[in-house]
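**Q** Top to bottom, those sequences are chains W and A. Read in order, the letters of the first sequence are residues 1 to 277 in full-length UniProt numbering. Read in order, the letters of the second sequence are residues 1 to 277 in full-length UniProt numbering.
Please note that a few of the clues may not be correct.
Chain copies aren't distinguished; within one or between two, either way the pair holds.
Stated by the list, open to error - Below, simulated DSS-like cross-link-like pairs (lysine-lysine); rule was C-alpha separation at most 30 Å, straight line:
1) 192 <-> 230
2) 97 <-> 113
3) 2 <-> 141
4) 256 <-> 157
5) 218 <-> 109
6) 141 <-> 113
7) 256 <-> 2
8) 192 <-> 157
9) 230 <-> 9
10) 218 <-> 264
11) 192 <-> 245
12) 93 <-> 264
13) 97 <-> 9
14) 192 <-> 264
15) 109 <-> 9
16) 230 <-> 113
17) 218 <-> 97
18) 2 <-> 97
Just so you know, these hints were derived from the structure itself, not from any lab. Values in this document were obtained by computation on a predicted structure and should not be read as measured data.
One letter stands for each residue in the lines below.
Number of protein chains: 2
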Amino acid sequence: MKVGYLGPKNSFTFQAANELFEENNLVSFASIPLTIEHLENKSIDLAVVPIENSLEGSVHATVDYLFGQTAITVQEEIILPIRQQLLGLEEVKQPQKILSHPQALAQTKQYLKTYYPEVSLEAVSSTTFAAQYVATHPENKLLAIASEKAAREYNLKVVASDIQDNAANQTRFWVLALDKNRQITRNTQDKKVTLFITLPANLPGALHQVLSAFAWRKIDLAKIESRPLKTNLGEYFFVIDVVLKENEILIENAVKEIELLQAKVQRVGTYSINRFT
Amino acid sequence: MKVGYLGPKNSFTFQAANELFEENNLVSFASIPLTIEHLENKSIDLAVVPIENSLEGSVHATVDYLFGQTAITVQEEIILPIRQQLLGLEEVKQPQKILSHPQALAQTKQYLKTYYPEVSLEAVSSTTFAAQYVATHPENKLLAIASEKAAREYNLKVVASDIQDNAANQTRFWVLALDKNRQITRNTQDKKVTLFITLPANLPGALHQVLSAFAWRKIDLAKIESRPLKTNLGEYFFVIDVVLKENEILIENAVKEIELLQAKVQRVGTYSINRFT
Chain W
1 MKVGYLGPKN SFTFQAANEL FEENNLVSFA SIPLTIEHLE NKSIDLAVVP
51 IENSLEGSVH ATVDYLFGQT AITVQEEIIL PIRQQLLGLE EVKQPQKILS
101 HPQALAQTKQ YLKTYYPEVS LEAVSSTTFA AQYVATHPEN KLLAIASEKA
151 AREYNLKVVA SDIQDNAANQ TRFWVLALDK NRQITRNTQD KKVTLFITLP
201 ANLPGALHQV LSAFAWRKID LAKIESRPLK TNLGEYFFVI DVVLKENEIL
251 IENAVKEIEL LQAKVQRVGT YSINRFT
Chain A
1 MKVGYLGPKN SFTFQAANEL FEENNLVSFA SIPLTIEHLE NKSIDLAVVP
51 IENSLEGSVH ATVDYLFGQT AITVQEEIIL PIRQQLLGLE EVKQPQKILS
101 HPQALAQTKQ YLKTYYPEVS LEAVSSTTFA AQYVATHPEN KLLAIASEKA
151 AREYNLKVVA SDIQDNAANQ TRFWVLALDK NRQITRNTQD KKVTLFITLP
201 ANLPGALHQV LSAFAWRKID LAKIESRPLK TNLGEYFFVI DVVLKENEIL
251 IENAVKEIEL LQAKVQRVGT YSINRFT
């Protein structure tokens with residue numbers, strides 16, 4: 001079995017994928033669209049991509065790619081705490097630059113502002129690349145923000161550990177497949193259903209009606225979010241995550257009712273939540 | 001009067017600001033947080049920043065900065081069509097690289113995939129920087145994606161015009177001020193109210209109740225969006241844009257009712273919409 005993931009090796013997506021799959025099944029890709037494209041042309045069996053971070057919000061590249069792609073479904077969700085480490089060849093008091101991926105820089109903004117207010121930050125393509133670059137440029141007095149795994153891989157010291165601004169920083173990842181009946185579920189306790197809903201016409205009444213269909217059935221929503229339809233300013237679709245208990249038939253009834261209201265509903269997946277610490 | 005904006009000169013935010021204010025009042029800043037910080041410490045009177053693009057969605061840097069900053073209010077909204085031009089010193093059949101800001105690269109993704117599938121794309125800090133770099137590096141066979149103004153400023157040829165993927169590509173900008181009573185409104189027809197709403201407890205019932213307060217009063221919502229509270233995964237606040245007609249008192253009643261439900265409501269602004277073509 002081949003499992004594609006948003007690389008490079010030792011990225012947070014790699015760590016997430018490695019929680020469910022053996023390392024020798026994993027294949028790295030350079031971007032989220034590339035990873036999912038390889039799933040679509042069947043050169044891989046599963047794709048692991050990030051979907052949401054607790055600080056930065058949704059990963060739009062994933063949400064926007066999946067919108068309208070009805071052949072792909074979510075098989076599993078993986079929730080991983082994101083810990084960022086400040087790495088260097090040695091403890092540098094006044095580094096010339098600090099390198100990392102833009103999301104890692106965003107997740108450590110307060111820390112960097114407090115301890116390195118004058119140091120210029122450089123956005124690079126991945127946290128792994130940042131660690132590798134620092135390891136191979138000893139003359140430059142650089143630091144990188146990356147994972148503990150990257151520190152071990154490139155023989156870097158952890159200059160400061162767990163520097164993420166929020167202790168509860170977590171990222172959700174999705175395991176995607178083409179085969180709707182594939183089951184790799186390990187966790188049967190904690191399940192969700194994700195729906196993309198496009199409303200027929202004007203927002204206020206329609207969204208209220210959609211939420212009513214869930215509310216009066218006492219169906220819990222874990223999340224509701226809007227994304228632009230990329231048509232005109234002010235036109236959106238909605239990402240709705242529904243908590244699945246012993247109410248699967250109620251959820252299906254709610255969805256049918258919503259479809260009767262002329263809304264389009266894309267069933268993105270019914271999946272288990274796998275939490276790691 | 002000093003009006004700060006997200007620069008550099010000739011950026012799309014510059015163009016938006018320049019629709020309402022004289023060029024010699026405009027002061028450029030390098031980032032959205034920096035622009036708003038200068039408003040807060042009163043070194044500028046107004047700040048112009050992007051808030052949403054019709055393809056890319058909300059500008060999180062703006063939304064997240066304003067959340068909780070109750071001293072700042074939105075005075076005006078500016079809506080501008082975003083046209084992207086492919087610029088070069090000459091028509092290069094096989095450019096070595098195409099440079100632009102990440103958002104401009106995202107907005108021309110389909111065009112680049114069709115016409116330049118093999119060319120590497122380089123993300124730089126602004127479209128203006130991309131144009132300037134191309135103009136000053138004739139030996140490198142580069143192209144830039146930037147505005148017509150940038151083409152004129154740096155004497156570049158428009159190799160292909162209006163290459164944005166969507167003809168209806170528009171961006172909303174906000175004019176921010178500290179003084180709630182300041183009035184620079186030119187357009188009195190087309191008005192909105194923006195609210196940031198933090199729900200008291202569990203999402204499903206509470207959000208449905210909030211929307212009910214608007215729905216039964218037949219108040220139109222132009223937008224509803226969630227952003228992470230940056231506490232735990234799954235905790236959000238909501239950005240709600242309300243269409244203001246002759247119903248200001250109804251909106252205020254709805255807000256009061258929502259506050260009685262223990263939701264926190266931040267009144268981000270009541271403002272006119274200024275559309276340009």
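**Q** If the cutoff is 30 Å on CA atoms, where do residue 218 and residue 264 land: within, between, both or neither? Let me know, please.
**A** both (22 Å within a copy, 23 Å between copies)
**Q** Give the relationship of residue 2 and residue 97 under a CA distance limit of 30 Å: within one copy only, between copies only, both, or neither.
**A** For residue 2 and residue 97, neither the intra-copy (38 Å) nor the inter-copy (33 Å) Cα distance is at most 30 Å.
**Q** Could you place residue 218 and residue 97 in one of the four classes (within, between, both, neither) given a Cα distance threshold of 30 Å?
**A** Neither, since 52 Å and 54 Å both go past 30 Å.
**Q** Is the C-alpha distance from residue 230 to residue 9 at most 30 Å within one copy, between copies, in both cases, or in neither?
**A** between (33 Å within a copy, 27 Å between copies)
**Q** How would you classify residue 192 and residue 245 at a CA-CA limit of 30 Å: within, between, both, or neither?
**A** This pair counts as within: shortest intra-copy Cα distance 8 Å, inter-copy 40 Å.
**Q** Between the shortest in-copy and the shortest cross-copy C-alpha distance, which are at most 30 Å for residue 192 and residue 157: within, between, both, or neither?
**A** neither (40 Å within a copy, 53 Å between copies)
**Q** Checking an output row: residue 230 and residue 113, CA cutoff 30 Å. Within, between, both or neither?
**A** between (35 Å within a copy, 18 Å between copies)
**Q** My question is about residue 218 and residue 109: at a cut-off of 30 Å on alpha-carbon distance, are they close within one copy, between copies, both, or neither?
**A** For residue 218 and residue 109, neither the intra-copy (39 Å) nor the inter-copy (42 Å) Cα distance is at most 30 Å.
**Q** State whether the alpha carbon distance between residue 141 and residue 113 is at most 30 Å within one copy, between copies, both, or neither.
**A** within (19 Å within a copy, 38 Å between copies)
**Q** Could you place residue 2 and residue 141 in one of the four classes (within, between, both, neither) given a Cα distance threshold of 30 Å?
**A** neither (39 Å within a copy, 40 Å between copies)
**Q** At 30 Å max between alpha carbons, let me know whether residue 97 reaches residue 9 within a copy, between copies, both or neither.
**A** both (23 Å within a copy, 26 Å between copies)
**Q** Is it within a copy, between copies, both, or neither that the alpha carbon of residue 192 lies no farther than 30 Å from that of residue 230?
**A** For residue 192 and residue 230, the Cα distance is within 30 Å both inside one copy (27 Å) and across copies (22 Å).
The structure fails to meet hints 3, 4, 5, 7, 8, 12, 17 and 18 from the earlier list, while all remaining hints are met.
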